[in-house]
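Enquirer: Mind docking chain B on chain A? Use the hints.
Quick note, the sequences are listed as chains A and B, same order. Count along the first sequence from 1, then add 1465; that gives the number in the numbering used here. Count along the second sequence from 1, then add 96; that gives the number in the numbering used here.
None of these hints come from the bench; they were simulated from the model. Predicted model only: the values in this text are computed from it and were never measured. Quick reminder that beta carbons are idealized off the backbone N, C-alpha and C, glycines included. You can take every hint at face value.
Here are some chain A residues pointing at chain B (derived, C-beta under 8 Å): (1) Arg1540; (2) Phe1541; (3) Gln1542; (4) Ala1543; (5) Arg1544; (6) Arg1545; (7) Trp1784; (8) Ala1787; (9) Phe1789; (10) Ile1854; (11) Gly1858.
Label pairs and their calculated CB-CB ranges: (12) Phe1780/A to Gln121/B: 20 to 28 Å; (13) Ala103/B to Thr1582/A: 39 to 47 Å; (14) Ile1518/A to Asn112/B: 33 to 41 Å.
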Amino acid sequence: MVPFLQDNVIYRGVYCWLGGNEGNAQWCGRDGLLPGGYEWVAYFVAGLTIMLILVNGALLGAAVFVWAERRLLARFQARRGPNRWGPWGILQPIADLVKLLIKEDIIPTAADRIAFTLVPIIMLMSLLLSLAVLPFARNTYLANLNIGVLYIVAVSSMTTIAIFMAGWASANKFAMFGAMRGVAMLISYEIPLILSLVGVVLIAGSMSLVSVVEAQYLPFILVQPLGALVFMLGITAELNRTPFDILEAESEIVAGYHTEYSGIKFALIQAAEMAGVLAASGFLATLFLGGWSGPFLSTQLGALWFLMKLSFFVFLFIWIRATFPRLRIDQIMAFAWKFLLPLAMINFLATAVQVYFFGFYHGDVPGEITRNEQWVMAAINVPLAVASIAAFGHFAREGIRVPAVRLESIVPTPRVAEVD
Amino acid sequence: MYGLGLAKGLMVTMKNFIRPPFTVQYPEERLPQHPRFRGEEFVWYDERCTGCASCAKYCPLGIIKIVTSPSETAVLEGDKYDIEVFDIDIGRCMFCGLCVEACPYDALFMGSGFERSRYQRKDLVISVDELRQAVKRPSTWFRPQLENAQYDPQEGKPLAWEDVGREKWPWHKQEKAGAKINRTVHRGGAESSQDKK
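Chain B extracted, bound-state conformation:
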């Protein structure tokens, strides 16, 4: 009969009218974010970083600038450096995450932020001081094992440097502070069993 199609259409809109609105009121409400989101606000652990600048070398855009000087506490080894400049120009960053993949010491992580808009381009450069002071909530991208410890970048407390790496590295901090430590590297279960044989 004529008009039944119209009635059907009216019912469709009425169904939408009754259900709650779809819109999220962004500044007040937020959708839950994925923990492996690759966002801004890089998380950098000074204690883990040796200043090797692998991240800067691997960056496809060349936007990480690192200036180091030999540390006075371990001059002879030549492998300890003071990091003077660690600039990340996120205005040009494409958030590929290759710097995080490249870091041999698990010192650099992606963050979860997306709200770092500024009026000036130069304000988009993250300096080393900012990196040192930032809240350490690394994204679990490239280190999903962090999720096994019930860690969520949106909630919970920030992670300390000891908890983020693939392995414990207990002597590194003291070494950076200048202490001479006799290194006996523990290489996990398989190798240690080989050593016993």
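The shape of chain A in the complex, shown without the other chains:
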């Protein structure tokens, strides 16, 4: 058994059920179904089981999210939403999927076929890869990477490439516009997004998501209010959701980068976007709201706590989508560079100073930040957050300064003869 998988409950369960023999006694403690020498089958089946659960869970979650988003958006607009098939219309995503499956899968003649076909795969792949490090409950994750946060950032950035590939390969001007807008926006938002995570990593002292959860004596949303805010807004932009959905602005450019996609390819792109919201909510819950930990029963019902926190963020995403209109490109850029980036820097610097003070308080060895120290940090960081939002909000509001048109420049005034 691979060392980083031995803590995983599901993996160990399947592995030991099939092939726990003498060699694996320290993990399983009893014999499995398979005879000796066939541990590799158990290894293979256990890995497949986890992958099956992850992939299907993500896609099923995307389907449920589509339904939930349509229902909630409808309620935000005083409508009812889909309510025809199944109780409260919960089978609506299945109807949508069947419709998309039986549609013709069109590839434009001018399109670059390979790149065009790769796009949905890359989008879904980057999403599913990022789910590998997400701890759903105690000891329930595919991999507890010690560079988990970096891994998420690296893997989820591949979506940008997929979006640009879609725009380029479609040979469609609207797709190209959407992709260009998207790349400009996504790369700008990567920077505050990553900087906002540095504070969390500094406090936890590790990039592993499990360590981050275990370091949260307080939810980091209190200890790192600025970081949570910047990450929340940045990830909204990374997910291409309203108010940052300029890359598929349906009222300006037909459907943006996925204009030419139809049928199952479109379904996969949509699934990746929708499951991306779930994954982002999961990361928000893990990094800033304490993941699986909770006041009651967090060891037995950690997954329930995680799901509740995830649903809270999902609701927040839908609420934001229902409220705000789409921003202009200059407003979006000003928001990223003039508002989010300074806030992330302030958060990063303040946290670094605090961690230096608290972490090395006891000596040279970096110590753990205890509960009381986290309370002190929260007491410092919350007023700091309010003050810096008030200060830098001014810059974000300005946008591009258009020089005031002077009347004289339009209407030529009769010149008075110059007199010496």
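Expert: Showing chain B alone in chain A's frame:
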């Protein structure tokens, strides 16, 4: 402070989120309809109709077709007719209600329906048999005094022909059936008082 406007916007959507949805689930739920609605499914009282075809003459679109023949029971008077055809082509009707205004005997009324969609245009023509069999729930348009009797076209029982007119007309039915009746027309309170003088 920056962000307060955003918070205000969020509160607006949250207010809408909490309140019940505005949508009416049409086939299952219906909004209450106004009793004076001018709708399809004309209400026609055979007992009141003399076949004068005023409605057909007044119809701006000419979509009412009436064919009558002299009744055998009152040939000599020449004012009693059997109605053989009474077609209303509601596919072209604009629901102006002039036919109802024109009817001197209160025999024709608008209905309250709006769901008579058909696949064929010829199915949109209401025939005399349909008019005879239809449930008599006249719209109170042009006869709002029906509302005084607590009548509502959406609820309650259908109105009989005696109850719909401006005046009682008790002998008409028997006359149509062929009975000879000595007419003494009651013209309301004012004229009868004049007669006494």
